[in-house]
Structure formats: structure tokens, C-alpha cells
Amino acid sequence: MLLMPERALKVNGTALRVLQLCDGQRTFAEILAALTAEFPAQSPGDMERDTTQFLHRLLEKRAIDLS
Amino acid sequence: MQPPLALIAEVTHSCPLHCVYCSNPIELISRKTELSTEAWCRVFQEAAELGVLQAHLTGGEPLARADIVQLVEAARQAGLYVNLITSGVGMTDERLAALATAGVDHIQLSLQDARALEADWIAGTRAHVLKLALAGRIREKGIALTLNIVVHRQNLDRIDEMLALAEECGADRLEIAHVQYYGWALANRQHLLPTRAQVDRSLTAVEAARERLIGRMQIDCVTPDYYARFPKACMGGWGQKSMLIDPEGRALPCHAAGVIPGLQFDSVGEHSLRWIWEKSGAFQKFRGEEWMPEPCRGCQRREVDFGGCRCQALLLAGDPAKTDPVCELSPDHGIVLAALDEAGNLAEGSAQAAVLMSAPMSSSATSTVPSPVPGPIAGLVRPDWLYRQNPRVTR
Numbered sequence: 000m001l002l003m004p005e006r007a008l009k010v011n012g013t014a015l016r017v018l019q020l021c022d023g024q025r026t027f028a029e030i031l032a033a034l035t036a037e038f039p040a041q042s043p044g045d046m047e048r049d050t051t052q053f054l055h056r057l058l059e060k061r062a063i064d065l066s
Numbered sequence: 000m001q002p003p004l005a006l007i008a009e010v011t012h013s014c015p016l017h018c019v020y021c022s023n024p025i026e027l028i029s030r031k032t033e034l035s036t037e038a039w040c041r042v043f044q045e046a047a048e049l050g051v052l053q054a055h056l057t058g059g060e061p062l063a064r065a066d067i068v069q070l071v072e073a074a075r076q077a078g079l080y081v082n083l084i085t086s087g088v089g090m091t092d093e094r095l096a097a098l099a100t101a102g103v104d105h106i107q108l109s110l111q112d113a114r115a116l117e118a119d120w121i122a123g124t125r126a127h128v129l130k131l132a133l134a135g136r137i138r139e140k141g142i143a144l145t146l147n148i149v150v151h152r153q154n155l156d157r158i159d160e161m162l163a164l165a166e167e168c169g170a171d172r173l174e175i176a177h178v179q180y181y182g183w184a185l186a187n188r189q190h191l192l193p194t195r196a197q198v199d200r201s202l203t204a205v206e207a208a209r210e211r212l213i214g215r216m217q218i219d220c221v222t223p224d225y226y227a228r229f230p231k232a233c234m235g236g237w238g239q240k241s242m243l244i245d246p247e248g249r250a251l252p253c254h255a256a257g258v259i260p261g262l263q264f265d266s267v268g269e270h271s272l273r274w275i276w277e278k279s280g281a282f283q284k285f286r287g288e289e290w291m292p293e294p295c296r297g298c299q300r301r302e303v304d305f306g307g308c309r310c311q312a313l314l315l316a317g318d319p320a321k322t323d324p325v326c327e328l329s330p331d332h333g334i335v336l337a338a339l340d341e342a343g344n345l346a347e348g349s350a351q352a353a354v355l356m357s358a359p360m361s362s363s364a365t366s367t368v369p370s371p372v373p374g375p376i377a378g379l380v381r382p383d384w385l386y387r388q389n390p391r392v393t394r
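Chains A and B, in that order, give the protein sequences. All residue numbers for the first sequence refer to numbering that gives the first Met the number 0, where the first residue is 0 and numbers rise by one. All residue numbers for the second sequence refer to numbering that gives the first Met the number 0, where the first residue is 0 and numbers rise by one.
Possibly wrong hints are sitting among the right ones.
[Said to hold, decoys possible] With a straight-line Cα cutoff of 25 Å, these simulated SDA-like cross-link-like pairs (lysine to any residue) come out: (1) B:K140 with A:D22; (2) B:K31 with B:Q1; (3) A:K60 with A:T13; (4) A:K60 with B:K31.
Calculated directly from the structure, the hints in this document are not laboratory data. It should be emphasised that the depicted structure is a prediction, and the values quoted were computed from it without experimental measurement.
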């Protein structure tokens, strides 16, 4: 569960893994590489597109910061 | 039954601000009957066990409690996401550092305007400059920050300044919060209700800022109640998402529910939070659809807005079990239209008055100012504002 003021976002599966990888240290490329390795069923292209969209949504909600 | 998502902990009614639209009840709870530190700690623990995820510590001014750091710590340790809703008055560097250590997740800081003179008039005290400095200090600590700017007829035209100020403050989120007409705001409604032209202009400005600031600042702003076609889903439905505990420990479905006659609010001193959520008559009264009158009962939107706000139905139409009069389908919608009509007519009157006024400006923000003044705060300096009073302090 990702908690923000007045919001709670239930995350599971790949999305949960993406958030766990957002540790303030890994770059986007490193996060993507880890995901591609862990979820071989999904093509690298799809993974990049989905992860980008997901992180953009969270950025718009100000749930994550870029550094 | 789903547990509540949020616990709203109204830890005190005491407040250094005296905003003309204060959402606290007209009858405030005295400090001497406030819940103890231990009682609040138990409430947070019970809330977490019930399945609550977020605690919103509010007031009054939560910093007016000497034990606020302990309360934040207790809520955090119970596993709750802790949001501190504050005016910022009383936030020393030491306290902010202690709150950060205690684990506060998010601070919501209120602003009354983009400009100091105007903001301080609305709040009935000098606080604006201090608030701006505090916004920076909160960001330095790395605590997520939401600015909440309360808007109404007297300041809505400064929306662009407000958006720029929030951006300058580096807020993660900005809430443009229209005054809602309960309590003190209803008492002062004739001076607070904006005109339709003001509302339309502000929504356009907000939309442009949203696009410009995407990814940097999230902006929450909705069409104010009286100007919307349908009512808001008040509290996400009665007894559905939130439980409010007032300063003396009574559990309410929303902050204004105390105005509804005949409801008995059970106390955390006598019952567990779980018992209250599941069994308290006040929480069951308007839960679900059984209570609904027509046109709600047969309306497709009944699961979207739950018939709107029960308190507003009482305050405007005299019956909490009626459709919220804000709804254009409500048989009582004429009450809202009449208020809007009055707001439109008043707008012309006050614009004229601002040109004609010539009395010198008073230096004190009390309700006994003799006559309005020229210049930027002409609309604010008026003799008939009703300011909230603090509960009497008894030591």
C-alpha cells in the first residue's frame, strides 16, 4: 500500500517490485535491468513502456521524486 | 465491513488563528476536557488494529498541544501514516526537528491568502510571514509538504499569485480549497461566497498551472459546492472512509456532524474504535442507501455522491435526511440558487463601495472596525465579520 495524503494506492506484482527498486540509489536503467531479469515473460520493450508510464503517474501524484 | 481508511484526530479546538470561515463547531470544546496523551495513544493503537491506514492530526491547531510530538510518535509507531495539519503557528525549529524524528510523514500547511495583509485579516492574527518561512524549513527537513490555500470571494481573484507562491515555496502538493459553508463560514457566507465569474476564471488559471507544473507540484482543486451541478461525495460516504475523534473523545462521521440533532456520538472512553465503527448509531444513521429520499433513491449517482452532505442538507433545507440542496435535482435547490443570486448582486455593490470608501485604515483585526477602507483590503475590513472564539482556557 502506497500512502499519500488523502490517497492510498494498492500496489502488487510488478508495480510493487518497481517501487521496491526505487531506493534513491538505482538509476532508471538499473531498475529496468533488474525488472527485465526478474520478469523474463515480459519483453524488454513492454517493460520499459509500462515502467515509464507507471513512474510518470506516480511523479504526477508527487508520490516519488527524481534525483 | 471495510475499516475506515483515515482517522481524523481533532486533538484540540484551541487555535491562535480565528479565521472567519473556521470549520470547527460554533460551540468549541474547552481545553480542560481534552483527551489525555495516554488516551490518544490508545486511540491510535486501536485505529491501527481496526485497519486504519492514515492519521490526520488536526484541530484547532495541533501544535497548541504540548504533547504533539508524543502524539505523532505514537501514531507512527502504531503503524499509521501521519499527516499533521497545521497553521504553522507554534512550530519552533526544535519542534520541527522533533516531529521529523518522531516520523511525521507529511505536513499540510494552511495559507489564508497570497498576500500578508489580506491573509492576516482573514486569520484575525499575524501569521502569514511566519508560515512562508516555515514552508522552506519543512522542505529542508525532507518532509512532504502540501500547501492548503483557502479561497473565497475576498481572495479568489489572486489565484495567480497563490499558484506562483506555492511554486516558490516548493510544495509537493497544493490544495486550492474553497470555503465550505458550515459553522463560522455559513455565518459569514454573504462575504465569502464567490461569484460565478470568479470561479470560472480561477478554474482556468488552475488548469494552466497544472499543465505547467506537472511532475513538480500536484494541484487539487474542485468546483466549489454551490457552483457544481451535483453534490460532493461528502467524506466518501457517511461512515465509509473516515472516523473523526473530537478533542474530548467523541467519535463523529465528519467534523460537522455535531450540528445534526438527535445523533448520539459515542466516546472512545467508553467503547473501542471497532465497536464504534461497527455499532455506533451515529455511524449507521446515514450509512448505505436505506435512509435515502427521492430523488436520490432512484438516482444513478447515488453510489457516486451518496446523496451529498447530510450536514448541508440540515443547514440549508432543515432536514439531514433530504437530498443535499447543492444537487440540481434536489427539490430544495432553489435555496442554493438564491444564495448565488445574492452573491452576484453583492459583487456589484461591493465593487462600487470600494471606490467610495474613505475612512482611515484600522490597525486591529477585530470585529469592531468602524467602517470599510479603500485599497486592497477594502472587501475585508468590515464591521460584520464573525470571528471564532477560543474555548475558555481554564487552568
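Holds or violated: are the alpha carbons of B:K140 and A:D22 at most 25 Å from each other?
The given pair, whose Cα atoms are some 18 Å apart, holds under the 25 Å limit.
For the pair supplied as a hint, A:K60 and A:T13, is the alpha-carbon distance within the 25 Å limit?
Measuring from Cα to Cα gives roughly 19 Å; hence the hint holds.
Is A:K60 close enough to B:K31, meaning Cα to Cα at most 25 Å?
With a Cα-Cα distance of about 41 Å, the restraint between A:K60 and B:K31 is violated, given a limit of 25 Å.
Take the C-alpha atoms of B:K31 and B:Q1, compute the straight-line distance between them, and say whether it is at most 25 Å.
Violated, at about 35 Å.
Hint check: violations occur at hints 2 and 4; the rest are consistent with the structure.
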